[in-house]
Amino acid sequence: MNKKPQRDIKTIVNASLARRHAAERRFRWYGLIAISLGLVFVVLMFANIISQGYSAFWQTYIELPIHFDSAVIDPEGHRDPHVLENADYAALIRASLRAQFPHVEGRRNLRDLYNLVSSNAPFRLRSQVLDNPEIIGTEQSIRMLASATVDTFVKGNIDRHIDESLRSIKDQEIAWVDQLQASGQLKQRFNTILFSKGDSREPEQAGIRGALMGSFYTLVVTFLLSFPIGVATAVYLEEFAPKNRWTDLIEVNINNLAAVPSIVFGLLGLAVFINFFGLPRSAPLVGGLVLSLMTLPVIIIAGRAALTSVPPSIREAALGMGASKLQMVGHHVLPLAIPGMLTGAIIGMARALGESAPLLMIGMVAFIADVPGSFTDPATVLPVQIYLWADLPERAFVERTSAAIMVLLAFMILMNGLAIILRKRFERRW
Amino acid sequence: MLFYLFVTVALLSLSSYYLGRKRAFAVAGSHIRNLHSLPSFYGSYTALWCGLPALIVFTVWAALQPGVIIELVVASLPPELQQLPPGRLNLVINDIKNLVSGNIVSSSPDAAILAAADHYRHLQTTGNAALWVIVIALALAGITYGWRTISPQLRARNRVEHVVNALLIASSTIAIFTTIGIVLSVLFESIRFFHKIPVSEFLFGLQWSPQTAIRADQTGSSGAFGMVPLFTGTLLISGIAMLVAVPIGLMSALYLSEYASPKFRATAKPALEVLAGIPTVVYGFFAALTVAPLIRNLGTAMGVHVASESALAAGLVMGIMIIPFVSSLSDDVINAVPQSMRDGSYALGATKSETIKRVLLPAALPGIVGSILLAVSRAIGETMIVVMAAGLSANLTANPLQAVTTVTVQIVTLLTGDQEFDSAKTLAAFALGLVLFIVTLILNIIALTVVRKYREQYE
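Protein chains in written order, with my numbering: chain A, 200 to 629; chain B, 53 to 511.
Hints are computed from structural coordinates only; laboratory data are not their basis.
The beta carbon of each residue, even a glycine, is placed where N, CA and C say it ideally should be.
Warning: the hint list may mix true and false statements.
Unchecked claim - Each computed DSSO-like pair below joins lysine-lysine, with the alpha-carbon atoms no more than 27 Å apart:
| # | chain 1 | residue 1 | chain 2 | residue 2 |
| --- | --- | --- | --- | --- |
| 1 | A | Lys623 | B | Lys321 |
| 2 | A | Lys354 | A | Lys386 |
| 3 | B | Lys409 | B | Lys315 |
| 4 | B | Lys404 | B | Lys315 |
| 5 | B | Lys505 | B | Lys409 |
| 6 | B | Lys409 | B | Lys321 |
| 7 | A | Lys524 | B | Lys505 |
| 8 | A | Lys396 | A | Lys354 |
| 9 | B | Lys505 | A | Lys442 |
| 10 | A | Lys396 | A | Lys386 |
| 11 | A | Lys369 | A | Lys354 |
| 12 | A | Lys354 | A | Lys442 |
| 13 | B | Lys315 | A | Lys623 |
| 14 | A | Lys386 | A | Lys369 |
| 15 | B | Lys248 | B | Lys404 |
| 16 | A | Lys209 | B | Lys409 |
| 17 | B | Lys505 | A | Lys209 |
| 18 | B | Lys321 | B | Lys404 |
Claimed, not checked - Short derived list, chain B residues pointing at chain A, Cβ under 8 Å:
| # | residue |
| --- | --- |
| 19 | Ala227 |
| 20 | Ile300 |
| 21 | Ser304 |
| 22 | Leu327 |
| 23 | Val334 |
Whenever a hint applies, use it, and build me the whole structure from the sequences.
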C-alpha cells in the first residue's frame, strides 16, 4: 500500500523525462536563436552600409588636355584679374571635349557630352589660371571631376545591359566613357572631396567637412558645459548634499531627464534658447546647449558611480589629517574618481554625436554649403547631414550617405574605444 | 569681441591668484604658520573677488544688451514706423539688424531705416565699450579689494569654500531648471494652442490635417487637429517594435545569464550592446532604404499591397534598436534574483528551463515589466527612424502594411522649415510635445518605481 504509489511516481517521472528534456533543449535553442538573431542584425546592418558606401571613398576623374586659349580667356592680353575672373572657362572644356569626340553632332548630343564632367570644372580652371596666369596659351592636361552619373556608372552601380530608357546614362555616353577608360583618361582616385568640402546639390561635389566641423563645434560646447556642471552636481549629491526632500527631488529629476525623449529637448531649445533668449537659429552654440542638457544626466550618473567606488577610508584618512571637506574632495576623492567620470563623459559625448532629433527642432537642418568657422555660424551636424542626404534620390547620394554613416560610426567606435582604454588603464581595485 | 573680454577677465583672475598668494606670504612675514589658511586659499580668494563680480555683470549685461538696444532704436524711429502693427514692426527691426550685420535686406532700405541701422551700430559700439570698461574696472577693483583685505587673520579658506559650495548647489539645480524649462516651454505654447483649438477636439478628434489658412477664403482652410490617428499610429509602430524586441531581448537575456559560458557571454553581450550605440539616424537610413523596399517587394511577390512607408518596416527596425534595452535591463533584473531560489528549484529536480519558467520569471516579473515599460517609452519617443521610414499621412488604421504617422514625425514636420511662430500649426507641435512628455513621464515613473520596489525586495 505504501510502496505502490511511490513506484508510480518514479515511472511517471521517468516517462516524463524525455518530454522535459526535449522542452529543455527547445528552450535553450530559443535563447540561442534570439541571440543569433540580434547578432545577425548587427552584422547585416554593418554589411549593408559598408557594401553600399565603400565605393564613395573613390571618385572618378576625367583627364582632359585643355588648351588655355588666350583668345577665350584674355583677348586683350592685359592679364587683368577682372577679365581673367569672368572669362568663359566652360568653353575651354567644351572645345577639349569636342576635339576628343569629333563625331558628336547636334545640340542635345553635345550637351550630353559636356555633361560628362562636373559642373564645377570651369571654376577649377579659373582658379588655376588666377593662381598662375603663365599657363594661358599653353596646353595642360587637367584632371576634372566626372559627373555623378558617370561616376555611378563606372563604379558598376548602373547595369549597362538593361534597356536604355530604364537607366540614367545613355548608350552614347557609355560609349564615350568606355573610350575614355580605354585611353586611360578616366581614372578613379581617392575621394578627397568627401572630406574637404561642404554640402552641395551635386553629389560629386558634396562632402562632409561642413557637417564634421559643425559636429565638432557642437560637441565642444556640449563638453565645456556638461562636464564641469555634471561633475559639480555629482560631487555635490555624493559628497556634500544632506539627505532631504530637496536632494531627493534633484535625484528624481535627473533620473527622469535621462528618459525624456530627445525631441522634447529640441522643443525646449526652440522655445527657450531661440524664441526667448533670441540666440541664432542653426548655430552650433544652441545645438551644444541642447545636447549638454541631454548629456548632463549621463555624466551625473556616471560621475556618482565613480565617486561611490572611491573607498570611504580615503575620505576618513584625509579628514583625519585635518583636511576640510572640500580639500578632502578636491585633493583626494576627485583625482581618484576623475578617470571614471571622464569615461562616462566620453560615452555621453558619443551619444551626443549621434543625436539628431533635437537638432532638427532648432534649425540645424538647413542646406549649408559653407564650412562653419565659429560657434554662431549656421551649421549642421553629421547625423543630420546623413538624414538630409538620405532623402535625396540619386544613387550617388545613397553611396555618400553610407560613407558618411561609416565615418560617423568610426568616430563612435573611436570614442567608445577611448572610454574602454581609459577605464582599463585607470581602473583600480580597492 | 565679447569672447576676448571673457578671456581677459579669466587671465586677470588667474594672475590675481598668484598676486593673492604672494600677498599672503608677504603679510605672514617669516611665520607661515601665522596664516589662518593655506596660501593658495588666499590666492583663490583674490581670484574670486576679481572674477566673480565681473563675470556676473558681464553675463547680465550681455544678455540684456540686445533687448535694450532694440527698445532704444524703436523709440528713435519716426512715429509712422512706430505705429506699425507688431508683425510689420518686427520685419522692420529684422531689416535693421540685417543692415547692421551686413546681410542681404528684403527691400531697398529707406532713409529712416538706414539712420536707425546707424543708430543701432552706434549704440552697439557704445554698449560694448562701456561693458569692457565696467567689467575690467570691476575686475581690477576686485583684485585691489581682495589684495587689501588679506591679513593673517582672514578666514580665506572658509570664504572660498562657501563660494564653491554655492557653485556646487547651483549646478545641481540645473537638472531641476531643465525640467521646469521643458514643462513651461511646452505648456505655455500648448495653452496658446488650446485657445485656438479646444482641448477636446485635440484629444478626441479623428482627423489630422494641420493646415491653417493664409487667406480666409482659401480652399481647405480649416485644419483638423485631432490627435487620435497620430496616437494610434505611434502605438501601432511601437507595438510592432515591442513584438520584435521583447521576445528576442528577453530570451537573449535569459540565455546569457543562465546558459551561456562566461566566455560566450563576454563576447556576445557587448556585441549585442553595439545595437544600442548605433545612432538612430543610421537605423532610419537602414529602414527607409533597405527594409522598407524589401518588405514591399516581398508583399508584391505574395500579391499583397504594401505601402512603401509601411508601419511594419519602421516598427521592425525600431524593434531591433530596442533589443539591447530590453536585454540589458532584464539581464540586471534576472541577475538580482537570489541564487538560493535557483538552487531550491534544482534541488527539487527541476530542469533549467523549468526553473526559469516557474521560479525565475515569476520572481523577476515586476522588474521585467518595468524594463519593458521603459522600452515602450523609448519606442514612443523615438524620432529619427519614424521620420525617415514612416509616412506623413495620418491614417486611422491597425493594418501594419499601411503607412501611418506618429506624434514625433508630426512634431518634426510641423517645426522644420519656415513658419511663423504663432500659427496653430506650429503651436500644435508643442501640444503634441506636451502629450509625448506626459505619456513618457508616466511610463518612466511607473517603470522606475516598479524596478526600485523589486530591487528592494531582494536586497
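- Message: Under 8 Å is the threshold here; is the Cβ of Val334(B) close enough to any Cβ of chain A for the hint to stand?
- Response: holds, 5 Å
- Under the criterion that the straight-line Cα-Cα distance not exceed 27 Å, is the pair Lys409(B), Lys321(B) satisfied? With Cα atoms ~22 Å apart, Lys409(B) and Lys321(B) stay inside 27 Å; holds.
- Are the Cα atoms of Lys524(A) and Lys505(B) separated by 27 Å or less? violated, 34 Å
- Going straight from one Cα to the other, do Lys396(A) and Lys386(A) come out at no more than 27 Å? Answer holds: Lys396(A) to Lys386(A) is near 21 Å, not above 27 Å.
- Message: With the threshold set at 27 Å, check whether the alpha-carbon distance from Lys505(B) to Lys442(A) stays at or below it.
- Response: Given that 27 Å is the threshold and the Cα spacing comes to 20 Å, the pair holds.
- Message: For Lys386(A) and Lys369(A), compute the direct alpha-carbon distance and say whether it is at most 27 Å.
- Response: holds, 20 Å
- Within a Cα-Cα threshold of 27 Å, do Lys315(B) and Lys623(A) meet the stated pairing? holds, 18 Å
- Restraint outcome when Ala227(B) is required to lie within 8 Å of chain A by C-beta distance: holds, 5 Å
- Item | Satisfaction of hint between Lys442(A) and Lys354(A), Cα-Cα up to 27 Å | It is violated: about 65 Å lies between the C-alpha atoms, which goes past 27 Å.
- Please work out if Lys396(A) and Lys354(A) have their alpha carbons no farther apart than 27 Å. Judged against 27 Å, a Cα distance of about 21 Å means the pair holds.
- Message: Holds or violated: the hint that Ile300(B) contacts chain A, with Cβ atoms closer than 8 Å.
- Response: Ile300(B) check passes; min Cβ-Cβ to chain A is 5 Å, inside 8 Å.
- Message: Hint check: Lys369(A) vs Lys354(A), CA-CA at most 27 Å. Holds or violated?
- Response: holds, 16 Å
Violation of the numbered hints given earlier is confined to hints 7, 12, 15 and 17; the remaining hints are satisfied by the structure.
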